[in-house]
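Protein chains in written order, with the working numbering: chain A, 1 to 576; chain B, 1001 to 1576.
Don't take every hint at face value.
[Stated by the list, open to error] Simulated crosslink set (DSS-like; lysine-lysine; CA at most 27 Å straight-line): (1) Lys1449(B) / Lys117(A); (2) Lys1387(B) / Lys1449(B); (3) Lys217(A) / Lys1143(B); (4) Lys1449(B) / Lys254(A).
No lab work stands behind these hints: they were computed from the structure.
Number of protein chains: 2
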Amino acid sequence: MRVLSYLSAFHGHPYASKLLVLCSLSSGGLIAYADSQSNSKIPIVEHDDCKSQKKRVVVLGTGWAATSFLKDLDISSYDVQVVSPRNYFAFTPLLPSVTCGTVEARSIVEPVRNIIKKRNGEILFWEAECLKVDAANKKVFCKSTVDENLAGNNDFELEYDFLIVAVGAEVNTFNTPGVLEYCHFLKEVEDAQRIRRTVIDCFEKAVLPGLTDEERKTNLHFVIVGGGPTGVEFAAELHDFVFEDLVNIYPRVKDLVKISVIQSGDHILNTFDERISTFAEQKFTRDGIDVLTGRRVVNVSDRMLNMKMKATGDDVSMPHGMVVWSTGVGSRAVVRDFMEQIGQGSRRVLATDEWLRVKGCESVYALGDCATVDQKKIREDISEIFKAADKDGNGKLTREEFRDVIEDIVIRYPQVELYLKSKHLFDVTDLFKDSEGNDREEIDIEEFKLALSHVDTQMKSLPATAQVAAQQGTYLARCFNLWEKCKSNPEGPRRFRSGGRHEFRPFWYRHLGQFAPLGGEQAAAELPGDWVSMGRSTQWLWYSVYASKQVSWRTRILVMGDWSRRFVFGRDSSRI
Amino acid sequence: MRVLSYLSAFHGHPYASKLLVLCSLSSGGLIAYADSQSNSKIPIVEHDDCKSQKKRVVVLGTGWAATSFLKDLDISSYDVQVVSPRNYFAFTPLLPSVTCGTVEARSIVEPVRNIIKKRNGEILFWEAECLKVDAANKKVFCKSTVDENLAGNNDFELEYDFLIVAVGAEVNTFNTPGVLEYCHFLKEVEDAQRIRRTVIDCFEKAVLPGLTDEERKTNLHFVIVGGGPTGVEFAAELHDFVFEDLVNIYPRVKDLVKISVIQSGDHILNTFDERISTFAEQKFTRDGIDVLTGRRVVNVSDRMLNMKMKATGDDVSMPHGMVVWSTGVGSRAVVRDFMEQIGQGSRRVLATDEWLRVKGCESVYALGDCATVDQKKIREDISEIFKAADKDGNGKLTREEFRDVIEDIVIRYPQVELYLKSKHLFDVTDLFKDSEGNDREEIDIEEFKLALSHVDTQMKSLPATAQVAAQQGTYLARCFNLWEKCKSNPEGPRRFRSGGRHEFRPFWYRHLGQFAPLGGEQAAAELPGDWVSMGRSTQWLWYSVYASKQVSWRTRILVMGDWSRRFVFGRDSSRI
């Protein structure tokens, strides 16, 4: 989840930041907004009472995808309602910092109502959980998550013309027994706060009178399952917290602390460049963090974690004080139920087409961690492409004819560009060369198939990161904003099968790189253009990128304040 | 709990603050301390293994009383262990600010281990609750409050030579049905955080679709029971939060919010000067906060609060969204059990003598909210005083003879000075004047009794405030520090009954005034010398006093940072 540019979505509206500052300076936050409303005496109106002709858009979620969609959406043409159990947007890439108090939880959240305020209308927000999508009747059933003691019904339903599913994912336990009961996760702000309290608990328990050394060691053994960016960053944060702050106030147990990272693969950070992976492992070894690779966790109990060595099949056990489970994502119940309804029940994760439209369901879009883009294989369409390109119908494709369709192909099948890059080809017409590299003037259908036969190997499903979610939100908002225009004047690529053009270009992910902070003021980063950067300067780059990517000036200043506080006073160890 | 000077206790050690800054600036908090320890390789030792000849002092609690005691105690002569379920000290006078996010919870807490670090020894801290005091065997039984899942026994016992009971008090519900189940309290940091979330819940619920206006109003009715300083400050904070911040992001319900303060007496803030009480009521009326006096709450249910009008006996009910119960304090279970053991079972609250020694029990001291000082009536000792003063034994007391004992009387019976002040007498020998105000040269026992007969009316039990607790802690630390010296060379007043002198002067409370913040940047204050100050300038005085009284530079800077943030960005309404 750590990436270089989360919110290209938020870049489009620099005035938003400025407005926030202006409003904020006028004493007490958001007076300016209030004033603009105060004359109109807004009555309490049910949504059902607003009989407008606008299309009704219901958005589920307030994470990266939903928030960037809402920020960019032009609501003059839509009635928008948002449903989420969290009334705030959380800057999730800083969650590992929250676990150890490097950054405070409240510094990385922004009320969603502040973010989605619009000048030419209102987006309605309901703090509730969507329990069921009724795709047939275009309804969602929601339940408020607040205390049952409050007056009024907690259940309500909303009708939609378009539904945007951006509810995110839940943790994937791979059905490992004991994980739900005894492990901590790192997906929500509350998770991070709970981890922080538990770390302190482990230390407080370990120093109590009457414990054996063995018991103290058990309580001070912190295990992280999953060597991806989140797990690694948490291990690094925890190491800093323990050895920069906690050992000073719990000096009696400082030699008993152990941190272990368990990874099923052979290396941690295996989605990163190999140099970064090696650098991280060396850094962890120097720091005394155990990296245990090639192990699969079989089950977890309150004090014990059992693993199987992948190479030998041996069983290994280790006692623990705390386990943080940070391995992959799984679908939420509401999404699974929805998938059953629309015939996607056998799939692992909700599938959309390249326009983020849920497959097998009208008017529903899904983005972010809850869905995956099911990319079209060029192989399946190759005959139609050939037919469409072969204007004179002579069964041969000339270089000229190919050039006419090439732009549409590249837009429609993003894997083509990746393939060319992987082959170090700079021009698509290089595909016209024969196996010896000689130019050909025209090719037939079989030669065409052969030339494109390996393109589909470059198809990769997009990672479940903030970067992807934010770009999808921005993309979808643009589609909604251009709806009318593109209906009459489509901007998308040619439809090779049915003729005509797609209304919009398909979603196109631009990977801007990713960071891996490794503790001790060191970080590693993959930067655009396949650059790799490691060390202290990268940590400072991390600070500046993360500060600049904050969603509001308030959180930006709070986060920078937290970092400064940590430098001066260290991290707080009060158990609250 | 709002007072002018909480920690005269912390004034004695200005170097402590400086040390903290020095340590903190040396990167990562408390390195300096760690270095001083690093060579000695402290082993894990059980307290029982330390066979020192020092007296063992066990302190229960980490509130104002315990913390100021520990700060000032010279631990070169004592082995000190501290037991508390909270591993931090909380600056409780700012709790009302935490309820609405004016100040963050973490800004008002400081790890107790940071506070009690000493340069010439170690104070041991155990995060645990004391479940039972065994006064006969000089033991306390404790239980760790951390997760049962961690390794090792949670129970342990400690032996003491001296026990300092400073566990504070719990809320007093006056056995009103439903209070424990449905009301919020404002005693702990967690209480304040819970109130903050509940206020947001009430707003989120009130804006949901499908509620009637009546239901919305119910959810947005915030009731405060108790018009003392805490209740009033919370009402003011809540009013500011709602009308400065929340109405801007929940504009649809802004006209439905109501705040009510219920007070059984005739006026709110009735322990304050009458001018302050009136000022507060006028301010609240202008703000639209309902002040309902002369009502007693009979019971509370999830959505309804039932009261009896004290004047008419009529029953009145009001629906509510949230109730904050802020009325007086009661004894904790461990203290009640201890009182049973030592024959104080029939009393309402644990009694100590003027030296803070628990009555009926050797070597146990009690201070802060959990105990009350049972002051000696001068009437009971009057014959002995007369006998001791009448040196020549002629049954008459001359002015000269009286002057000889007067200092001891004033020290031993603090009510004498209060009595003189109330009668506008400047010299104690004015008591020698007869009823017409004429000087007398000598008086007999009956005249002496008459002259002092009304002195005891000035006896007042001390309020349950931070100011009292902190002064008691400092006082007791001084007694412990001077123990050996005062054994041989007592500094206390004459013992009129048994002869000789008391080892120490009795505890003497110096009231330094108190504040009542009233919202909208206005406050009222009673200042030393019976001054009363009200308005905006008083709020700024409040800011500066509260900033200066913070226990560490870290919390001072954080609190001031929070205040500035609130001025610029308003309060955060994220539900975390």
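Structure-based check of each hint:
1. Lys1449(B) / Lys117(A): 77 Å, violated
2. Lys1387(B) / Lys1449(B): Holds - the C-alpha atoms of Lys1449(B) and Lys1387(B) are around 12 Å apart, at most 27 Å.
3. Lys217(A) / Lys1143(B): 20 Å, holds
4. Lys1449(B) / Lys254(A): Violated, because 66 Å separates the two Cα atoms, which is more than 27 Å.
Violated hints, listed in ascending order, are 1, 4; each of the other numbered hints is respected by the structure.
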